[in-house]
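Participant: Take a look at the letters that make up each chain.
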Amino acid sequence: MSLNFRVPIFDVKNLSFKVRGQEILSDISLEIFNGEYIAIIGPNGGGKTTLIRMLLGLETPTSGEIKLYGKKLKNFKEWHKIGYVPQRASLVDESFPATVLDIVNMGRVSKRSIFSSMDKNDTSAVEDAMKKMDIVALKDKMVGTLSGGQRQRVMIARALASKPEILILDEPNTGVDMRSQKNFYALLSKLNKEENITIVFITHDIGVIADDIARLFTINQKATICNDPKKALSCEDMSALYGIEAHLIHNHKHEH
Amino acid sequence: MLEMFQYDFMQRAFLAGIIIATLASLSGTFVVLKRYSMISETLAHSALVGVAVGLVAGYNPLWMAVAVALLSAWIIEYLRSTFTIYSDAILAILLSGSLAVAIIIVSLGGAFNNSLFSYLFGSILSVSKEDLIVISVVGTLSLALLLFYSRELYFIAYDEEVAQVRGIQVKMLNFLLVSVVAVIIALSIRVVGSLLIGALMVIPTVAALQYRVGFVKTIFISLLIALFSVIAGMTLSFYFSLPSGATIVLCVICIFIISLVSNKR
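The listed protein sequences derive, respectively, from chains G and E. Under this note's numbering, the very last position in the first sequence is 321; numbers go up by exactly one each time. Under this note's numbering, the very last position in the second sequence is 266; numbers go up by exactly one each time.
Hints listed in this document are in silico derivations from the structure and should not be mistaken for laboratory results. Predicted model, so just to flag it, every value in this text is computed and none were measured. Watch out, some of these pointers could steer you wrong.
[Said to hold, decoys possible] 25 Å max Cα-Cα, derived BS3-like pairs, lysine-lysine:
no.: 1; chain 1: E; residue 1: Lys172; chain 2: G; residue 2: Lys139
no.: 2; chain 1: E; residue 1: Lys172; chain 2: G; residue 2: Lys206
no.: 3; chain 1: E; residue 1: Lys172; chain 2: G; residue 2: Lys137
no.: 4; chain 1: E; residue 1: Lys172; chain 2: G; residue 2: Lys136
no.: 5; chain 1: E; residue 1: Lys172; chain 2: E; residue 2: Lys35
no.: 6; chain 1: G; residue 1: Lys132; chain 2: E; residue 2: Lys218
no.: 7; chain 1: E; residue 1: Lys218; chain 2: G; residue 2: Lys204
no.: 8; chain 1: G; residue 1: Lys197; chain 2: G; residue 2: Lys132
no.: 9; chain 1: G; residue 1: Lys228; chain 2: G; residue 2: Lys132
no.: 10; chain 1: G; residue 1: Lys258; chain 2: G; residue 2: Lys287
no.: 11; chain 1: G; residue 1: Lys206; chain 2: G; residue 2: Lys196
no.: 12; chain 1: G; residue 1: Lys142; chain 2: E; residue 2: Lys172
[What the hints assert, rightly or not] Just a sample of chain G residues kept apart from chain E, beta carbon distances all over 12 Å, derived:
no.: 13; residue: Phe98
no.: 14; residue: Lys197
no.: 15; residue: Ser227
no.: 16; residue: Leu252
no.: 17; residue: Ile290
Glycine included, C-beta positions come from ideal geometry on N, C-alpha and C.
Here chain E stands alone, though its shape is the one from the complex (with noise of 0.2 Å):
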């Protein structure tokens, strides 16, 4: 077991899965509680586009992602608070059109090459050491904000207009909502893929749910089924040389389908 971190990418890979596994769980509980689930395969699609514009211009495509998700994400909650269109409908027009952007730039850079495809599907050996900074600084700030409007966020998740009465800055803090997923979506990419980290972020949760548990013990079941799919499936991905993303999301997959045969009313 511990001859995997023998290598320095094995580390590099381990503390990022980790990082992301905190950070998807906890916001992805927000996000869930909100019906807000398809906003993180929106974003994560639009990571792409400042992935691709990384890759051809030759910028950080990690910082890239995340300034273009951060828009990506204003853009999506300024259009459902401010226009009556269907918000799964703003998601699903986001999705394909940034998607689209992405290929184009693409394939006009001609970087259609393997440094694209680890960024779809997640790679272990890319972690470099200065993604690893970037996803610990911007990380922890992302969690200590969750952290310190939990409660608010909680209250809106459960019924807006109350929270709104009670007077707590419910816009303000749907935005904060969306930044703050759109940036841990973007840093998550080179670990688990766009196409992927949608799962990471959203089947933890609906796994705790079937426990039927209070709001702080759901946060933690769905932490741990984050954090035990990430560890367990980099492990496997090391020892059978499967993708690291894709095998992550199959390990979530299978906790959620005991979480819920076992909580079978």
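Here chain G stands alone, though its shape is the one from the complex (with noise of 0.2 Å):
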């Protein structure tokens, strides 16, 4: 094995998706290098979501392959490179028990041995991701009585306590105001930046991320790659993919 060769995070190809005989996704084939920056975009029932669930191994493709760090999928095991920050994350259920600190605790369950006590490594993974997500003074609140903005960062936190090295999102702007939905821009850009942390992040909001990303995914059951999404934005592509919405999304651009 040559270390010169580049191994992708992820390593898609062929990937088939059907439920009752209906194709959801089909022939998908991508990969997503370290340090990258990808956004994905597409129609609402594209199949976006079920793309990133097949990746986490939330949903078992009909056909195709997925290999993690070169790994099969099933052979994986160090989930804790991977973070995921799900659709629904900003709306908690407002009487579960759970302080800010339990949920970002949680991101370090896994990696203890013995016993469900957190030994110092834990404590300061924990402690150095509410910082990064300036969410330290917020430490004993509890999480139902948060806006949504600050429980998307503490999403964000727990996932960031693991030390991923790579972010997935699943559009995590639900009930989120749009003053916070930029500084949550800003934050996912350096961590991108700063952190080199890659980042996978399904959005509507692609006028208003279009300078930070790499590269952006559309996924209507087919995939399309765009390897300049600045270009991507005017080509007709876009029209094509999202009818009518298209117009939505540029006129969302001028507004900024």
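From the two separate chains plus the hints, produce the assembled complex.
Facilitator: If you want it as structure tokens, here you go:
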């Protein structure tokens, strides 16, 4: 094995997914490399979330192959390298008994070996993650009492606590106001540039983050990969993908 | 107050009660947070099948209850994770099904008597030395397992999928939790009774949730409520000749109402 050979974090080949005979995703092939910032866009029901769920082993593909760090998905064990923030992350159950610290501590759960106590490494990783997300002051607050933007940062801090190499976010903006969203994009960009964390991000706000991202995947049953996202925004593929929604995205961009 | 401890059976009942309160409230916290409260009722009724077999066939009903409750827990978890049936419907089917089986076994065996009655509603008089040993040994083991995996179980209760992506053995731990709950319920029916154990498992946690505090504090409050209810319930049942299980359940419901009213926003 040559060290010069660049092994992708995710290596997806000819992936298809069918539910009751209906094709949700067909023949998807893509690679995600270390340090990349990738946005995934596409219409609702186009299969974005299904793709992410298959990448994470939550859904089994009908055919095709997924390799994670060169290993087949079912043989992959180093899950602490993967940080995942799901779609409804900021919509928490308000009565769930959890402080901000309780939630961020979850990020360390599978790293410990014996007994449930946390060691020094765990505590410092948790503190570090809270500092990065600027939520140290909220540490003892109940998650149910926080705003959408604050909850979003808590969920990302939980993912960061395991010191991941890649962060996968599935439209984590539900219930978050515009100003918090902007801060959030700046933060993701910072994590990507300064911490070299690979970011894969499902979003509708393509106009806002176009300057930051390296590549753009559009998913609508099939995948189209744009290596120059700024170009992609004006290309006809976008209209084909979104139909009328393409205009909305452009208007959206001009507002900022 | 100390007068009641002159009796051996009261000492045994208190010891058994304290162990059961601890186990029921701790396991109950995870069950409630997983929105799985009804499983305690179903397993309590399944345990009755074991009791019925034990009474009719002459085996120790407690061991038989543990065996049948475990089996039932595994069936529930298997059905829930394999088929797309609503999990509350599975619980309802197994609840009535096992109650029916228990009643038929008992009536065929001619064991419809006080002995069965004590398993339905609990009886502090009926805790034998052997029962106490079984409760302590199996109870300690269950407690150790719950504490060992408490952070994983908490994560799963909060978000099963993220926990799975984090590399936690979600399926295995779900099986473990229902198994521990099955054992705890089967052990508890001597003291609290199978018709009432669900209350002791679920209500302390629901009461503790009203205080809106973090995970560890919620567990402690729930534990305190369960211990207080069991001790108060047993004391009242001794002095006023009330049935122990029902008195304990009414105590825990009183505390629940107090928690609800005092934390109203």
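Participant: Decide, hint by hint, whether the structure agrees.
Facilitator: To see whether the hints hold, each was checked on the structure:
Using a Cα cut-off of 25 Å, the hinted pair Lys172 (chain E) and Lys139 (chain G) holds, with the two alpha carbons roughly 15 Å apart. Using a Cα cut-off of 25 Å, the hinted pair Lys172 (chain E) and Lys206 (chain G) is violated, with the two alpha carbons roughly 31 Å apart. This hinted pair checks out: Lys172 (chain E) and Lys137 (chain G) have alpha carbons roughly 21 Å apart, not beyond 25 Å. A distance of roughly 22 Å separates the Cα atoms of Lys172 (chain E) and Lys136 (chain G); the hinted pair therefore holds under the 25 Å criterion.
Between Lys172 (chain E) and Lys35 (chain E) the CA atoms are separated by roughly 14 Å; this keeps the pair inside 25 Å, and the hint holds. As the CA atoms of Lys132 (chain G) and Lys218 (chain E) are separated by approximately 42 Å, the hinted pair breaks the 25 Å bound. Restraint check for Lys218 (chain E) and Lys204 (chain G): satisfied, since their Cα atoms lie roughly 15 Å apart, inside the 25 Å limit. Among the hinted pairs, Lys197 (chain G) with Lys132 (chain G) is inconsistent with the structure: their alpha-carbon atoms are about 30 Å apart, more than 25 Å.
For the proposed pair Lys228 (chain G) and Lys132 (chain G), the alpha carbon gap of about 21 Å is at most 25 Å, so the pair holds. About 30 Å separates the Cα atoms of Lys258 (chain G) and Lys287 (chain G), which puts this hinted pair outside 25 Å; it is violated. With a C-alpha separation of about 15 Å, the suggested pair Lys206 (chain G) and Lys196 (chain G) falls inside the 25 Å cut-off, and the hint holds. About 16 Å separates the Cα atoms of Lys142 (chain G) and Lys172 (chain E), which keeps this hinted pair within 25 Å; it holds.
With a minimum CB-CB distance of about 21 Å to chain E, Phe98 (chain G) clears the 12 Å threshold, and the non-interface call stands. Taking the minimum C-beta to C-beta distance to chain E, about 19 Å, the non-interface status of Lys197 (chain G) holds against the 12 Å cut. At roughly 7 Å from the closest C-beta of chain E, the C-beta of Ser227 (chain G) falls inside 12 Å, breaking its exclusion from the interface. No beta-carbon of chain E comes within 12 Å of the beta-carbon of Leu252 (chain G); the shortest separation is about 20 Å.
With a least beta-carbon separation of about 24 Å from chain E, Ile290 (chain G) lies farther than 12 Å from that chain, consistent with its non-interface assignment.
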